[in-house]
Amino acid sequence: MARLGTDKFVVEREKEVATRLSPGVFPAGRQSEWSAQNRTLTHSVHPLTNSVALGVAGKLPRELLKTDVRVYEQDQRVYVCGLGTMPDERLPFVNDTHAVFAAIQSIMDARGDHVGVDALLRMSALYREAMLRQVRVLQDARDSEFVRSENDVFQAMHAVWHLLEIVYVTTNAGLSASVVPYYMEWLNFNFPAPAAADGERILGSSPDANALAQNSDVWPYVQKLALRGHVTTVANMLERIAPAQALSAAASRWARELAQTARDMPLGSSDETSGSFNGRWRRWNSGLQSMATNMGSMLDKADDAALSALLCVVDVMRGDADTISRVGETWQDVLGAVLLYSEPTAQTERLPALAQLVLEQFEADDFTLVDRTLAALVRHELPEFLVYCNQIDAWLSAHVSDLMEHIGILDSCRRVFKVEPREHYLVALGERYLTHEGLWRVAMDYFGLCRTRVSQSIMGEYIVRMPLESDRKAQQVLRVCERYKLTEASERVHRQLGRQKWQRGRLGAAIAHFVRVNDSSAVGQICDQLWAEYLASGLLTYGPIIDSVLASSGHDRVRFLTQYRDFHECYKAGEFARAGKLLLSILVGEIAPIHAVPDLLVDSIPLLEGDALVFGADDTLELMRCAESIVFVGGEEGGVERDELSIFSVACARNLARSYVMQ
Amino acid sequence: MNSLQVQPVARKITGIRWLPPRAGNAYTDTDLYFVSGSSAKHKELVLWTTANPDFQQTNDDNNNVDAETSSPLATLVAKVKHDGDVHDIAAPASDIVATASSFGTISIYNIGHTDSGDSSLSLREAVTAHKFANGEPAVATSLSVQPTNSADAEIASCGEDGRIAYAPISRLDALQRHEVDSTVITGVCWPMPTQLAIATRAGQVKLFDRRAPAEVQAVFVDPSNTYEFECIAAHPSQSFRLATGTDTGAVLLWDIRNPKKPTMEAFNVHESNVWSVGFHSSDAAKIVSCSEDASLAVTQWVSDSDRQSRGVRHLSGFFNTLSVNCFDVCPFTRTSIIIAGSDSGNLLMEKTAASDFAIY
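One line per chain: the protein sequences are S and G, in this order. All residue numbers for the first sequence refer to our numbering, where the first residue is 1 and numbers rise by one. All residue numbers for the second sequence refer to our numbering, where the first residue is 1001 and numbers rise by one.
Next comes chain S alone, as it looks inside the complex:
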């Protein structure tokens, strides 16, 4: 059996994929001409999906060329190639198995160490149902190469999964359950033989027992039935053949006896002890042995084709290894018959040894990928098994390694692989899902439920590159960050949203996002923009914008704008005293930006000059102190506003005088 080298466990080369660009970039065969005209291809890989954008580019910039090159239509095309994308037909399968996967993780979380095998068995059965559903859907679909290859993949996955379930889950219950009935069930479900069509054909072409006995296909058919353990059908066939004239009396007699023996084959039942079952089985087996001896001695005396065919059937059913190897076509057949007829109570531990014996008789190079996978599984060579699973399909290796982790058998693989196998395969599957737009959330769940540091950081990188096309999508992305505790990613998303809204002119929403991440410089810049708009237009329209920002933001500039707006409202409503207090609190609290203070002082002039006394002596002195502090800041600005400042100073002086008189 060819063994894989260790280096293959460490690194796997993805299959190379080649695509032809069509319509082509240059006429066929003229590549050197094209290339000589300063042309080459440039590319860019999409950050999330496996797609590449390609376009024609020049080796040297056009400006540096001595003669100008004509630009053709092909030069202006951009090609987008998807590599290894997820086909739409798999969507229902992907979504259903995602639900099962998530359910398994939550079951394992809830129960911890006391996991019931039944729960895992149920989930495993759900996976298989999903695969079978997909197979049915594919059978209804129109035939094409894609459909056929998908069909093969899913049938292979089902066979592999089913055997995995039998070997590790069903018989794991700790009871001394025999693996043999499950193995036969698996064999007959996934690799049905002989074909029912053959049986119908044989019976259909042979109207009576004579014709049946003389049909050359009938004995191989009966032998194959016996190999697969379909004893009732064997008995039925023999009883139909027995009355044939073409058979010798001996053959006819033996046929009837064999039919009866076949019907008597002992089947285990759950309430029978293994001791009693073994007894019955040994008696049945010894009956077959004596039948074989008698028939053999009869054949020594006279040649009888029918009798020798019957002997073959008897040999199969008594567990004769040589006959079984001769009749069986695949190693699964042979292993099944060996188990059924020589060790019917064999347990899972016997499988590797028996399988080794059987497999040695077959040529390993002829094995298909599925054969190799199943052989590795039966021989309990789990690392090899996982690698082969990955070659069948990425889905299979990811979910198999997950199941193996939950059963507790993945440790043997850990010693062999350089990377953590479950994480490696789950992340690979998640990345595969990311190539499909509609599966991003499923991919995130696979990354998240993997629960390792590496998968967490990979998830963090991918989530911040998610395109945020709509508000709802942004909310969903933020929910994912919350669920999997990606705080840094969440902040980056908020920043991205803030910038996006800022560019679009939605300043209130932008402020809200920046406040969430405590980016005070960005908030400050937006507030300055609002202030500048107010100054430019003269209308205070930013009120509703500010209102919508979280009231508890506590950012200086936001408070400044809010209080300034309140000041404006009070002024308009005629509540001058309150307006004055607000203005003063802005100046005293020093929450206004430096460039806004002169405007605030100018705003105070009408209040100073007004009929009622708004500012008391102390207040007026405060105002004058503010004025003085800004005069000493910046040369140019002080100069420009000297006129207004002088008016302000006069107003202050007059108000000061008034206040002394009135108080």
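Where hints are given, some of them may not hold.
[What the hints assert, rightly or not] Using C-beta positions, here's what the derived DEER-type ranges look like:
1) S:G538 / G:G1311: 20 to 30 angstroms
2) S:E145 / G:S1071: 29 to 39 angstroms
3) G:P1259 / S:R578: 24 to 34 angstroms
4) S:R122 / G:E1271: 36 to 46 angstroms
5) S:C81 / G:K1081: 39 to 49 angstroms
6) G:P1168 / S:G538: 36 to 46 angstroms
7) G:P1331 / S:R122: 37 to 47 angstroms
Simulated from the structure, these hints should not be mistaken for laboratory data. Since the model is a prediction, treat every value here as computed from it, not as a measurement. For every residue, glycine included, the Cβ atom is placed at its ideal position computed from N, Cα and C.
We have chain S already, so just place chain G on it with the hints.
Relative to chain S, chain G alone:
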């Protein structure tokens, strides 16, 4: 948790709406129609048909069919490509649907039924209703049809640009736009034919008079909580009752009879964003909501007199793990049917027989 029936359709469904019965208002149609809209990779509008459960025979042979050959919930009848993701659908008549798209356009589609049983969907006209100040298209987040019986009913839409737009369904080019909010408007509804209500991401519910839509008539906010609203719905008959869904999973029921002091009650029925909310069409004492936590909830609220009959029923499906984006309750049947669409690419359905009606 009650379970929903699930049909995988390989499309992310983001909008769904029942169509009024074809034969006027008579409830004699044996088939019901609904339209679903999908987003992401395949942006389409699909017309589906499903059997009317009011007409199912009581001695159903279907009950004995094994699970593998169970009939699908709904059958595809027609589909058409849609420009942009479908964010909301409205069905003003049995042959017209209006959609709100991610490019900010309101589109009207005609549904044609031929005598041979074929049906088709075709675009009639589209108008761009929502744009940002820098020219980029803004997502139109929700649509609502004015609840009048006049032929010139209007359709109102709201978008991420903070504007509401409305136009008469028959003359979309007569569209009017008004900027009314500085954050994203997530839902719009008509409590009365002359009144619009919107819900914003800043946690405000604003009322507008249709005749003066640029001015805000009233603003309602819950100052004790920082909610972000995702959707809004109006009670079918009591125009002072509104329901809004929040981003943390609460459904709020507002009573705005006294505009200065609105009362609000919160039902914490979900664990994540409530994408859509509505009063049940045959029993307005129930509020139905769907959420990012992959479930639908039917909440029984009643006015203060009878507190005992309150309760919540959750609906979900095992094979549906992703967000339920949208739902609609069929207002034309006695059996209550709720259909919903989810991100898992599933169509979900729940039928419950009407609890009290006279058999005739």
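Here is how each hint holds up against the structure:
Here the CB-CB span from G538 (chain S) to G1311 (chain G) is close to 57 angstroms, at odds with the stated 20 to 30 angstroms. Checked against the hint of 29 to 39 angstroms, the C-beta distance between E145 (chain S) and S1071 (chain G) comes to roughly 31 angstroms, which is consistent with it. At about 25 angstroms, the CB distance of P1259 (chain G) to R578 (chain S) agrees with the hint of 24 to 34 angstroms. Checking the proposed 36 to 46 angstroms range against R122 (chain S) and E1271 (chain G) shows it is violated: the Cβ atoms sit about 25 angstroms from each other.
Checking the proposed 39 to 49 angstroms range against C81 (chain S) and K1081 (chain G) shows it is violated: the Cβ atoms sit about 23 angstroms from each other. In this structure the supplied range 36 to 46 angstroms holds for P1168 (chain G) paired with G538 (chain S), their Cβ-Cβ distance being about 37 angstroms. Taking 37 to 47 angstroms as the suggested C-beta distance range, the pair P1331 (chain G) and R122 (chain S) conforms, at roughly 39 angstroms.
Consistency note: the structure conflicts with the earlier hints numbered 1, 4 and 5.
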